[in-house]
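So the mapping is simple: our numbering equals the position in the sequence shown, first residue as 1, plus 520.
What the hints contain is simulated information worked out from the structure, not anything from laboratory work.
All figures in this text were calculated on a predicted structure; none of them were measured in a lab.
Be careful, since some hints might not be right.
Cβ-Cβ distance ranges computed for the label pairs, FRET-style [to be verified]: (1) Arg595 <-> Thr655: 24 to 30 Å; (2) Asp779 <-> Gly752: 39 to 45 Å; (3) Val617 <-> Val775: 18 to 24 Å; (4) Ser778 <-> Ala679: 22 to 28 Å; (5) Gln680 <-> Pro566: 52 to 58 Å; (6) Phe613 <-> Val656: 40 to 46 Å.
Subject to a maximum C-alpha distance of 20 Å in a straight line, what follows is the list of computed SDA-like cross-link-like pairs (lysine to any residue) [claimed, not checked]: (7) Lys724 <-> Tyr660; (8) Lys755 <-> Asn734; (9) Lys714 <-> Ile627; (10) Lys751 <-> Thr794; (11) Lys766 <-> Asp797; (12) Lys810 <-> Thr794; (13) Lys810 <-> Phe629; (14) Lys714 <-> Phe802; (15) Lys714 <-> Ala675; (16) Lys766 <-> Lys724; (17) Lys766 <-> Asp639; (18) Lys810 <-> Phe643; (19) Lys714 <-> Asp779; (20) Lys755 <-> Ala733; (21) Lys766 <-> Lys810; (22) Lys751 <-> Asn664; (23) Lys751 <-> Glu737; (24) Lys755 <-> Ala675; (25) Lys810 <-> Lys751; (26) Lys724 <-> Asp779; (27) Lys724 <-> Arg792; (28) Lys755 <-> Thr655; (29) Lys766 <-> Ala644; (30) Lys755 <-> Gln666; (31) Lys766 <-> Glu665; (32) Lys724 <-> Asn652; (33) Lys810 <-> Glu665; (34) Lys810 <-> Gln736; (35) Lys755 <-> Phe629; (36) Lys810 <-> Leu633; (37) Lys557 <-> Ala644; (38) Lys751 <-> Glu665; (39) Lys755 <-> Phe643; (40) Lys755 <-> Asn652.
Virtual Cβ for every residue (Gly too), placed ideally from N, Cα, C.
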Amino acid sequence: MSDAASNGTSRSYNPTNSYDRQTAGVPNEVRFDNAGKRVAPSMRRPIPYDRPGCFYAGHPHYYGYRVRHLPHYDRYRYWGIDYYYYNGIYYRFWDDVYHICRPPYGILFDRALYALELDVLTFAYYNNVYRNYTTVNSNYSTINEQNRIIAENNATIAAQNATIAANNATIAAQNATAAAQAASTPSMDVNALKSYASYQLATKLGLIQSFAANGQEYYYDDGVFFVADAKGQYKVIVPPAGALIKALPEDYEVVVLSDGNEYYQVDDTIYRTTVADGVPYFEVLGQLQKA
Numbered sequence: 521m522s523d524a525a526s527n528g529t530s531r532s533y534n535p536t537n538s539y540d541r542q543t544a545g546v547p548n549e550v551r552f553d554n555a556g557k558r559v560a561p562s563m564r565r566p567i568p569y570d571r572p573g574c575f576y577a578g579h580p581h582y583y584g585y586r587v588r589h590l591p592h593y594d595r596y597r598y599w600g601i602d603y604y605y606y607n608g609i610y611y612r613f614w615d616d617v618y619h620i621c622r623p624p625y626g627i628l629f630d631r632a633l634y635a636l637e638l639d640v641l642t643f644a645y646y647n648n649v650y651r652n653y654t655t656v657n658s659n660y661s662t663i664n665e666q667n668r669i670i671a672e673n674n675a676t677i678a679a680q681n682a683t684i685a686a687n688n689a690t691i692a693a694q695n696a697t698a699a700a701q702a703a704s705t706p707s708m709d710v711n712a713l714k715s716y717a718s719y720q721l722a723t724k725l726g727l728i729q730s731f732a733a734n735g736q737e738y739y740y741d742d743g744v745f746f747v748a749d750a751k752g753q754y755k756v757i758v759p760p761a762g763a764l765i766k767a768l769p770e771d772y773e774v775v776v777l778s779d780g781n782e783y784y785q786v787d788d789t790i791y792r793t794t795v796a797d798g799v800p801y802f803e804v805l806g807q808l809q810k811a
């Protein structure tokens, strides 16, 4: 939050997409203490309850910041977590203060409300195999069923693509067919290896992965992942494994997990650094399971 914003002036700078918004260099948006250590939003002084706005309308929403009190609110329970809702904004309450948070999974909002350019996600891999997790609590059983369906659909799409490729290869000249097969086979192998390696690491760290459906467009803005439905709405979803983003939201935390390595945490989502096609990204690895 800039000094101007802390004095009551609203933040008006809104570049066209989430990467630009997160890397545009808004003055003093990322704060550091005298020792040069980053001060996370949750550690900064509380802001007025009327400051945050809906992220999809391009308003400043300040995820991770605190609000001391709300004039009134509605309380809802999603995925075993209590959310406090006021003026279009969701909060979670702990340590006697309200923390501004992202919309819960499953929340719908009208596509016509979204006022900024959307980022269409790219993925490091797609899971074509249904995989089990040894520890899954009741909140995450939905992900398991979702993963089973998506894996079956992804496998069907992969089989269909293979059939189409085979038909095209039959029609093409022998030399062209051989070249096409040589080019496509390594790509399929790399995807399978990447998805399995990611699953193994996530399982080792006690994370659960939500899969992405091949052929489905996924959208992203400031730590919120969503898809479009046939009814003209966007639906907030669990961040899918393998999704690649260019910049972390402002409220990220650096955490050390059980393998002794550093990762990045935004809400319950764990990210790791990766490189795809020579470009550095943050990749969704999986979700921390909460009781």
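Hints, verified against the model:
1. Separated by about 29 Å at the C-beta atoms, arginine 595 and threonine 655 satisfy the suggested range of 24 to 30 Å.
2. For the hinted restraint 39 to 45 Å between aspartate 779 and glycine 752, the CB-CB distance of approximately 43 Å keeps it satisfied.
3. Hint check: valine 617 to valine 775, Cβ distance near 22 Å, so the stated range 18 to 24 Å holds.
4. Range check, serine 778 to alanine 679: Cβ separation about 37 Å, and the 22 to 28 Å hint is violated.
5. A C-beta distance of roughly 53 Å is found between glutamine 680 and proline 566, which places it inside the suggested range of 52 to 58 Å.
6. Taking the beta carbon of each, phenylalanine 613 and valine 656 are about 26 Å apart, not inside 40 to 46 Å as hinted.
7. The suggested pairing of lysine 724 with tyrosine 660 holds, with an alpha-carbon distance near 17 Å, which does not exceed 20 Å.
8. Proposed proximity of lysine 755 and asparagine 734 is supported: the alpha carbons are some 17 Å apart, at most 20 Å.
9. Between lysine 714 and isoleucine 627 the CA atoms are separated by roughly 31 Å; this puts the pair beyond 20 Å, and the hint is violated.
10. For the given pair, lysine 751 sits about 35 Å from threonine 794 by alpha-carbon distance, which is inconsistent with the 20 Å threshold.
11. A threshold of 20 Å between alpha carbons decides the hint, and for lysine 766 with aspartate 797 the separation of about 13 Å falls inside it, so the pair holds.
12. A distance of roughly 26 Å separates the Cα atoms of lysine 810 and threonine 794; the hinted pair therefore is violated under the 20 Å criterion.
13. As the CA atoms of lysine 810 and phenylalanine 629 are separated by approximately 26 Å, the hinted pair breaks the 20 Å bound.
14. Proposed proximity of lysine 714 and phenylalanine 802 is supported: the alpha carbons are some 15 Å apart, at most 20 Å.
15. With a C-alpha separation of about 16 Å, the suggested pair lysine 714 and alanine 675 falls inside the 20 Å cut-off, and the hint holds.
16. With a CA separation close to 25 Å, the supplied pair lysine 766 and lysine 724 exceeds the 20 Å bound.
17. Restraint check: the Cα-Cα separation between lysine 766 and aspartate 639 comes to about 10 Å, which is no more than 20 Å; the hinted pair holds.
18. Among the hinted pairs, lysine 810 with phenylalanine 643 is inconsistent with the structure: their alpha-carbon atoms are about 26 Å apart, more than 20 Å.
19. Restraint check for lysine 714 and aspartate 779: satisfied, since their Cα atoms lie roughly 19 Å apart, inside the 20 Å limit.
20. A C-alpha spacing of about 15 Å is found between lysine 755 and alanine 733, which places the hinted pair at or below 20 Å, so the restraint holds.
21. Between lysine 766 and lysine 810 the alpha-carbon distance is near 27 Å, which puts this suggested pair outside the 20 Å criterion.
22. With a C-alpha separation of about 25 Å, the suggested pairing of lysine 751 with asparagine 664 is violated against the 20 Å cut-off.
23. For a cut-off of 20 Å, the pair hint linking lysine 751 to glutamate 737 stands: about 15 Å separates their Cα positions.
24. Simply put, lysine 755 and alanine 675 have alpha-carbon atoms about 24 Å apart, too far for the 20 Å limit, and the pair is violated.
25. For a cut-off of 20 Å, the pair hint linking lysine 810 to lysine 751 is broken: about 32 Å separates their Cα positions.
26. The hinted pair formed by lysine 724 and aspartate 779 meets the criterion: a straight-line CA distance of about 8 Å does not exceed 20 Å.
27. Using a Cα cut-off of 20 Å, the hinted pair lysine 724 and arginine 792 holds, with the two alpha carbons roughly 14 Å apart.
28. This hinted pair does not check out: lysine 755 and threonine 655 have alpha carbons roughly 27 Å apart, beyond 20 Å.
29. Taking the CA atoms of lysine 766 and alanine 644, the gap is about 13 Å. The hint holds against a cut of 20 Å.
30. A hinted pair counts as satisfied when its Cα atoms are at most 20 Å apart, and lysine 755 with glutamine 666 qualifies at roughly 15 Å.
31. Proposed proximity of lysine 766 and glutamate 665 is contradicted: the alpha carbons are some 29 Å apart, above 20 Å.
32. For a cut-off of 20 Å, the pair hint linking lysine 724 to asparagine 652 stands: about 13 Å separates their Cα positions.
33. Between lysine 810 and glutamate 665, the direct Cα distance comes to roughly 18 Å. Compliance with the 20 Å bound is thereby established for this hinted pair.
34. Distance restraint check for lysine 810 and glutamine 736: the Cα-Cα separation of roughly 28 Å exceeds the 20 Å cut-off, and the hinted pair is therefore not satisfied.
35. Between lysine 755 and phenylalanine 629 the CA atoms are separated by roughly 7 Å; this keeps the pair inside 20 Å, and the hint holds.
36. Proximity of lysine 810 to leucine 633 is assessed by CA-CA distance (about 32 Å); at most 20 Å being required, the pair is judged violated.
37. Of the supplied pair hints, the one linking lysine 557 and alanine 644 is violated, its CA atoms being roughly 31 Å apart against a limit of 20 Å.
38. Among the hinted pairs, lysine 751 with glutamate 665 is inconsistent with the structure: their alpha-carbon atoms are about 23 Å apart, more than 20 Å.
39. Between the alpha carbons of lysine 755 and phenylalanine 643 the distance comes to roughly 19 Å, so the proposed pair stays at or under 20 Å and holds.
40. Pair hint lysine 755 plus asparagine 652 does not hold up; C-alpha atoms about 25 Å apart against a cutoff of 20 Å.
Going through the hint list in order, the structure does not satisfy hints 4, 6, 9, 10, 12, 13, 16, 18, 21, 22, 24, 25, 28, 31, 34, 36, 37, 38 and 40.
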